[in-house]
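Colleague: Use these hints to put chain B onto chain A, whose structure you have.
There are 2 protein chains.
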Amino acid sequence: MFDILFLGTGASVPSRDYALPAVLVRSGPDTVLFDCGEGTQRQIMVSPFSFMKLGGIFITHLHGDHFYGLPGLIQTMGMMGRKDPLIVRGPEGTVSALETMLSVCPGEIGFELDVADMSPGDEVSVGTLKVSAFATEHGIPSQGYVLKEPDVRGKVDAAKAESAGITGKDFSVLEEGGTVNGVSMEDICEPVRRGKSLAYTGDTRPCATLTEAVRGVDVLIHEATYTESERDHAERFFHSTAADAASAAKECGCSSLFLVHISNRYKDREVCLKEAAAIFPETYVPVDLALYKTTKKGIKSV
Amino acid sequence: MFDILFLGTGASVPSRDYALPAVLVRSGPDTVLFDCGEGTQRQIMVSPFSFMKLGGIFITHLHGDHFYGLPGLIQTMGMMGRKDPLIVRGPEGTVSALETMLSVCPGEIGFELDVADMSPGDEVSVGTLKVSAFATEHGIPSQGYVLKEPDVRGKVDAAKAESAGITGKDFSVLEEGGTVNGVSMEDICEPVRRGKSLAYTGDTRPCATLTEAVRGVDVLIHEATYTESERDHAERFFHSTAADAASAAKECGCSSLFLVHISNRYKDREVCLKEAAAIFPETYVPVDLALYKTTKKGIKSV
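Top line first, the protein sequences correspond to chains A and B. So the first sequence is numbered by our numbering: it starts at 1 and just counts up by one. So the second sequence is numbered by our numbering: it starts at 1001 and just counts up by one.
It should be emphasised that the hints constitute simulated quantities derived from the structure, not laboratory data. Treat the numbers as computed from the prediction; the structure is a model and nothing was measured. There could be a bad hint or two in this list.
As the list claims (entries may be wrong) - The following residues of chain A were derived to be distant from chain B, with all beta-carbon distances above 12 Å: (1) I74; (2) V104; (3) D114; (4) D122; (5) D157; (6) G178; (7) T209; (8) E270.
As the list claims (entries may be wrong) - Distance ranges between label pairs, derived from CB positions: (9) B:D1268 <-> A:E186: 58 to 64 Å; (10) A:E108 <-> B:K1274: 31 to 37 Å; (11) A:K83 <-> B:K1274: 33 to 39 Å; (12) A:E108 <-> B:G1216: 40 to 46 Å; (13) A:R231 <-> B:D1268: 53 to 59 Å; (14) B:I1109 <-> A:S255: 38 to 44 Å; (15) B:E1112 <-> A:A290: 50 to 56 Å; (16) A:R153 <-> B:E1099: 36 to 42 Å; (17) B:E1099 <-> A:G121: 45 to 51 Å.
To be verified - Below, a sample of chain A positions facing chain B; criterion: calculated Cβ distance under 10 Å: (18) L98; (19) S103; (20) D232; (21) P281.
Heads up, the beta-carbon is just placed ideally off N, CA and C, and yes, glycines get one too.
Only chain A is shown next, with the shape it has when bound in the complex:
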């Protein structure tokens, strides 16, 4: 189950109402941030979340609106006494770009910064979560991410345990991976509950690598810079329309779709929602600082 906090839902240029791209996702004890536009640190400050608990930051591409908030956020964490290590990943060039920007204002950060470039197909662990990168198409090195929660073992089925003659201290043997009476833990448990998954695309035009990676993912957070009436702009600048995002969610069998990175030209975002929902009904167009939770019954706005 995810808590999804939309810190900035604007595109390219901020506005009075919309900050630059950044989405925070919490699952159990672990929190990650996707993209870090200028102003992200302050958006987190005015939210109910703490950036001190961030385990990983994943940058989709090195355009300033997705990236210029990163050095300030890192330096602020340091000044506020962070000690926990922080994972930072992005496409080719991320290490160099971040080092360059931090070097402008040199100083001891005070915690371990685990920064590395990451290629499509690579996977990294952030606490209990696995985050893998997939290739997108935005005219420069770019990638989206799929975040997966761990699978959770089902509860012990008391009747099965009893009929297999498993009692008392036998369980500690099974817990350690052993067998008793030829029976293993999974034989007496309810089925594994599959961890939920979430994908964040960053900026991209529709592409096969995206739909391949997102297939079967539960929650899709997709850029939708334009609507179909500006398809020429979308194609020219390697972006997607709301309809493109909805088509991807439908094709991939997702449960829900959030549209982000929406151009300032859409003063009323209802047009984006309508275009997508006609193709994929379970679509949401969050405003800045909107918090959603995934539940067994679906998406809940908090």
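Modeller: Showing chain B alone in chain A's frame:
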């Protein structure tokens, strides 16, 4: 006369209430920005001002909280179609730092960016205004700025003109700097109205170069990171207290003092105001987005 818009009055680390350092000053047709902390572009967007009309940006030093908003602001101006040239000045290292940060996200900006390092004592014109730099002491290359409005010639004194026999077309001769009947324009005009001046210190401990440069300046915008009870912090980190700022304003004969760059430890800034006002009564402690105007009668909060 100045319009002074305090975009960010916080220090080092932003908070829910206070953005990072940036102060916009407008005088007649000309507008300049002092410092450009992360998030400045959006602070301007939520204010009544336009960053498209900025003629110059002056950075006091290259700590991130004073500087990390600059590349994003420049790129946004470009994306929004700015064509007018923009002057950017800062201490030694500014050209290199800005080029470095912009190079992370390369692209055509679309207007002339006149960036240069500036040394204490240097002066630059921004439209009708003159901006000169003075040395400060912050442990790294740092400087404050004095902004001067042009002097304005007094009105023609009709009685003087008549008694000197100046009539009709004689005035065009005088306007061009000539004399008629041995009389020049200034002989028949009321006294010159001296242009007002304003100083912005950036981060600094008290220093003689500051008081020397600020002497006789009308409006002083001075950092006041701490109060006297944290004097040890102020000394350790090359900062000033509210009392230091007030003492400088008093010593320099300023008309009014604004305290900025106030540590987040002061939840109630009244303590900073009281400390300064006990030394220099005409002290103001602005909140973010506060707009003040200088008038003949003094400072007016708008």
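Colleague: Each hint: holds or not?
Modeller: Here is how each hint holds up against the structure:
Taking the minimum C-beta to C-beta distance to chain B, about 9 Å, the non-interface status of A:I74 is violated against the 12 Å cut. Consistency note on A:V104: stated as away from chain B, yet its beta-carbon is not over 12 Å from all of that chain's, at 4 Å minimum. The claim that A:D114 lies off the interface holds: its Cβ sits roughly 20 Å from the closest Cβ of chain B, which is beyond the 12 Å cut-off. Distance check on A:D122: its Cβ is at least 22 Å (rounded) from any Cβ of chain B, clearing the 12 Å threshold; non-interface status holds.
Consistency note on A:D157: stated as away from chain B, and its beta-carbon is indeed over 12 Å from all of that chain's, at 49 Å minimum. Every beta carbon of chain B lies more than 12 Å from that of A:G178, the smallest distance being close to 52 Å; the non-interface claim holds. The beta carbon of A:T209 is kept farther than 12 Å from every beta carbon of chain B, the shortest such distance being approximately 23 Å. Against the 12 Å criterion, A:E270 stays outside the reach of chain B, whose nearest CB is about 23 Å from its own CB.
For B:D1268 and A:E186, the Cβ-Cβ distance of about 60 Å falls inside the hinted range of 58 to 64 Å, so the restraint holds. A hinted range of 31 to 37 Å holds for the C-beta pair A:E108 and B:K1274, which are about 35 Å apart. The beta-carbon spacing between A:K83 and B:K1274, approximately 36 Å, falls within the hinted interval of 33 to 39 Å. Restraint check, A:E108 to B:G1216: a C-beta distance of roughly 41 Å satisfies the suggested window 40 to 46 Å.
The hinted range of 53 to 59 Å is satisfied by A:R231 and B:D1268, whose Cβ atoms lie roughly 54 Å apart. Hint check: B:I1109 to A:S255, Cβ distance near 42 Å, so the stated range 38 to 44 Å holds. Evaluation of the 50 to 56 Å hint for B:E1112 and A:A290 yields a failure: the beta carbon distance comes to about 40 Å. Judged by the Cβ atoms, the range 36 to 42 Å given for A:R153 and B:E1099 is violated: they are separated by roughly 55 Å.
About 34 Å separates the C-beta atoms of B:E1099 and A:G121, a value inconsistent with the hinted range of 45 to 51 Å. A distance limit of 10 Å between C-beta atoms decides the matter here; for A:L98 the minimum to chain B is near 9 Å, and the interface restraint holds. With its C-beta approaching chain B no nearer than about 8 Å, A:S103 sits inside the 10 Å limit, and its interface hint holds. A hinted interface residue such as A:D232 counts as satisfied when its beta carbon comes closer than 10 Å to some beta carbon of chain B; here the least separation is about 18 Å, so the hint is violated.
With a cut of 10 Å, the hint placing A:P281 at the interface with chain B is violated, because the nearest CB-to-CB distance is about 34 Å.
The structure is inconsistent with the numbered hints 1, 2, 15, 16, 17, 20, 21, although it conforms to all the rest.
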